[in-house]
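**Q** Listed below, chain by chain, are the residues.
Protein chains: 2
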Amino acid sequence: MSPTKFNIAILGVGGVTKSLLPQLQWLISQPKNPKMNLVFIANSSKAVYNFEGALDIEAVAESLKVSEQPYLGLQELLNQLAASPNKAILIDSTGTQQIADAYPEILRRNISIVTPSKKAFAGSYQLWQDIFAAEASTDAKVYIESSVGAGLPMIKMLKDLLEAGDEILRIEGVLSGTMTSIFSSFAPVNGAGVPWSVAVKQAKELGFTEPDPRDDLNGMDVARKLIIFARLVGLPVDSAASVPIQSLVPKDLEALNSANLFLERLFEYDSSMDKIKADAEAQGKIPRYIGSIDLRSGKVNVGMEFYDKTHSFAGVSGSDNIIGFHTKRYPKPLILQGAGAGGDVTAMGIIGGLVKVSSQLSN
Amino acid sequence: MSPTKFNIAILGVGGVTKSLLPQLQWLISQPKNPKMNLVFIANSSKAVYNFEGALDIEAVAESLKVSEQPYLGLQELLNQLAASPNKAILIDSTGTQQIADAYPEILRRNISIVTPSKKAFAGSYQLWQDIFAAEASTDAKVYIESSVGAGLPMIKMLKDLLEAGDEILRIEGVLSGTMTSIFSSFAPVNGAGVPWSVAVKQAKELGFTEPDPRDDLNGMDVARKLIIFARLVGLPVDSAASVPIQSLVPKDLEALNSANLFLERLFEYDSSMDKIKADAEAQGKIPRYIGSIDLRSGKVNVGMEFYDKTHSFAGVSGSDNIIGFHTKRYPKPLILQGAGAGGDVTAMGIIGGLVKVSSQLSN
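If you're matching them up, the sequences are chains A and B in order.
Heads up: the first sequence runs through residues 528 to 890, numbered per the working numbering.
Heads up: the second sequence runs through residues 528 to 890, numbered per the working numbering.
Read the hints as simulated data drawn from the structure, not as lab findings.
The model shown is predicted, which means the values in this text are computed figures rather than measured ones.
There could be a bad hint or two in this list.
Since the list can't tell identical chains apart, any single copy or any two copies may satisfy a pair.
[What the hints assert, rightly or not] Straight-line distance between alpha carbons at most 27 Å, and here's what the computed DSS-like set of lysine-lysine pairs gives:
| id | residue 1 | residue 2 |
| --- | --- | --- |
| 1 | LYS686 | LYS645 |
| 2 | LYS668 | LYS532 |
| 3 | LYS812 | LYS836 |
| 4 | LYS812 | LYS826 |
| 5 | LYS686 | LYS826 |
| 6 | LYS731 | LYS812 |
| 7 | LYS883 | LYS686 |
In isolation and in its complexed conformation, chain A is listed as follows (with noise of 0.2 Å):
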């Protein structure tokens, strides 16, 4: 039999799909690999391929711009994709709540997926049951391991503890890059830190949130992650709305209409976040927001608790996540601690889903 060949398209060119590239390009020099060809790339309205041989990698951004076809819609480009002898792997950069509806149909297409997205895996448990029936119902593979913390290998280690057999009776990380950063800048743990409109501002411009910093604040992140660990384990979670969150927002703030005029409007809650951070110190302790399963009660948190200033949560800087899992043969954490966020890691985390799915598919 000759060797499996592979057909990579890309949906959506943001800054992952930017870091992507050069990546997937060394990927594909590599004479270990499988063979894999880019056949595909589209944003929202236009598109390049060449579903019979390969596009010039170095090239498909520029050419991209220039493009003049049509992005031909899901439906075409799944028919494209499944015509070719060889196997399909879709990267789905778009982020849309739309694409991550289409998996199970994707996937019942023999198409495998990768995605640095958790829109699919956060959004309702129906779709989280579907997507996995259909993976099981084909040889086709959807790569989940990408879809929270970035490059960071949080679901890889969840999955392989499960793997060996060992039991998982905690879960507890600072799973936001922003509010890492927030938090330490707002309540370091050496010296007294910038009031908290002024961490919020300083995060905002050092490009560590979304646009509209509410979007961070709300905890929304925090519990879509969350609730993919929930569901990794076993529990039947059905939505972030099931999650109790702490917001972060606070509610007067929440009707109006601008990133801005919220900014501006801030600094009115600094002193009821002082005495959080100063009810921490009277304990000994510093602040930081987090999110926790535990599966001996079945209970999920998302919001701020206070940690011993040497506990590893404490002194978590830049925009690192932090993730410890309590597992019966770990009583102790096993923890992970890097980049949660950012175009070259969550770029690799797709490479390593490449990796993974294509040599599961080898023959």
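Keeping the supplied structure of chain A fixed, place chain B upon it in accordance with the hints.
**A** Only chain B this time, still in chain A's reference frame:
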């Protein structure tokens, strides 16, 4: 084609194997895994085997105790394993150099190897080359990931980084659970700590040292782990003898012919160790015993370094290991921390190897 079946043979019946057997039974019972039979288990003198069927794992430890079958010898074991239509995986829990030296031959006979021992990988560079040349020449696999850090997936993480095309700049870690135990009571993050000789004795009483603590304090165990990391990233390090090692065994106590004599006289060196602690303290730091490889300078180093009290290496306690990978894409290190020793977690590393090797070799 009918699905691949696996015959498992275990050499060595120490604490790791005792933890391994129930985990192996669990693994075999999982319907999603390939079919595996335990066909052979032996200590240095006796064996129990059934090469045509499967041993009863629950009864096998007891069976071995009362067995009157002599250990077949390696050659006969290999003959029997090679004669079966099932693929064979040998678990080497002997920790002996003799079996380690035979890895190239074992692999050439198409028998895969999973081991918690560093003997084969941290010995001569010639043996390292022979092992991986033998692996490349057959279908059999050698699973090196369980040889360092017990169940802590240090090598897996390093390999994943390399596989995804990241460039390793520096590897640095507290790689000895024994050293963690000693240093965290000698120079804790909070408080003055106990005298050096007391810290060493306590670690021994807690079961964290070798029978003779000099086998930990000489730094060789850390050096062996570093050698494996160095070779994995492509440095052709010849042997532990070629690495500069700061031994914490005083010259005058090296030749004492018992661990007890050594422990009795160790207090003579308490004041010089206190001086090191005071030197660190004067810089606001604490000493830790670490190993590092700097890929840019090619420098490998094993010895004491001073760290800020909020550094992640300072807060490690119990018998934890911690390792940081500084890479091109993770300029702030990717950090992994957890139990680096213990039967359950070491056995889990072996189980992880069985899962990976059997899945790679399945149709």
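**Q** If a hint holds in the structure, say so; if it doesn't, say that too.
**A** Each hint, compared with the structure:
| no. | hint | verdict |
| --- | --- | --- |
| 1 | LYS686 with LYS645 | both (17 Å within a copy, 25 Å between copies) |
| 2 | LYS668 with LYS532 | both (15 Å within a copy, 23 Å between copies) |
| 3 | LYS812 with LYS836 | both (6 Å within a copy, 15 Å between copies) |
| 4 | LYS812 with LYS826 | within (24 Å within a copy, 39 Å between copies) |
| 5 | LYS686 with LYS826 | within (20 Å within a copy, 35 Å between copies) |
| 6 | LYS731 with LYS812 | within (26 Å within a copy, 33 Å between copies) |
| 7 | LYS883 with LYS686 | both (14 Å within a copy, 13 Å between copies) |
The structure is consistent with each of the numbered hints, conforming to all of them.
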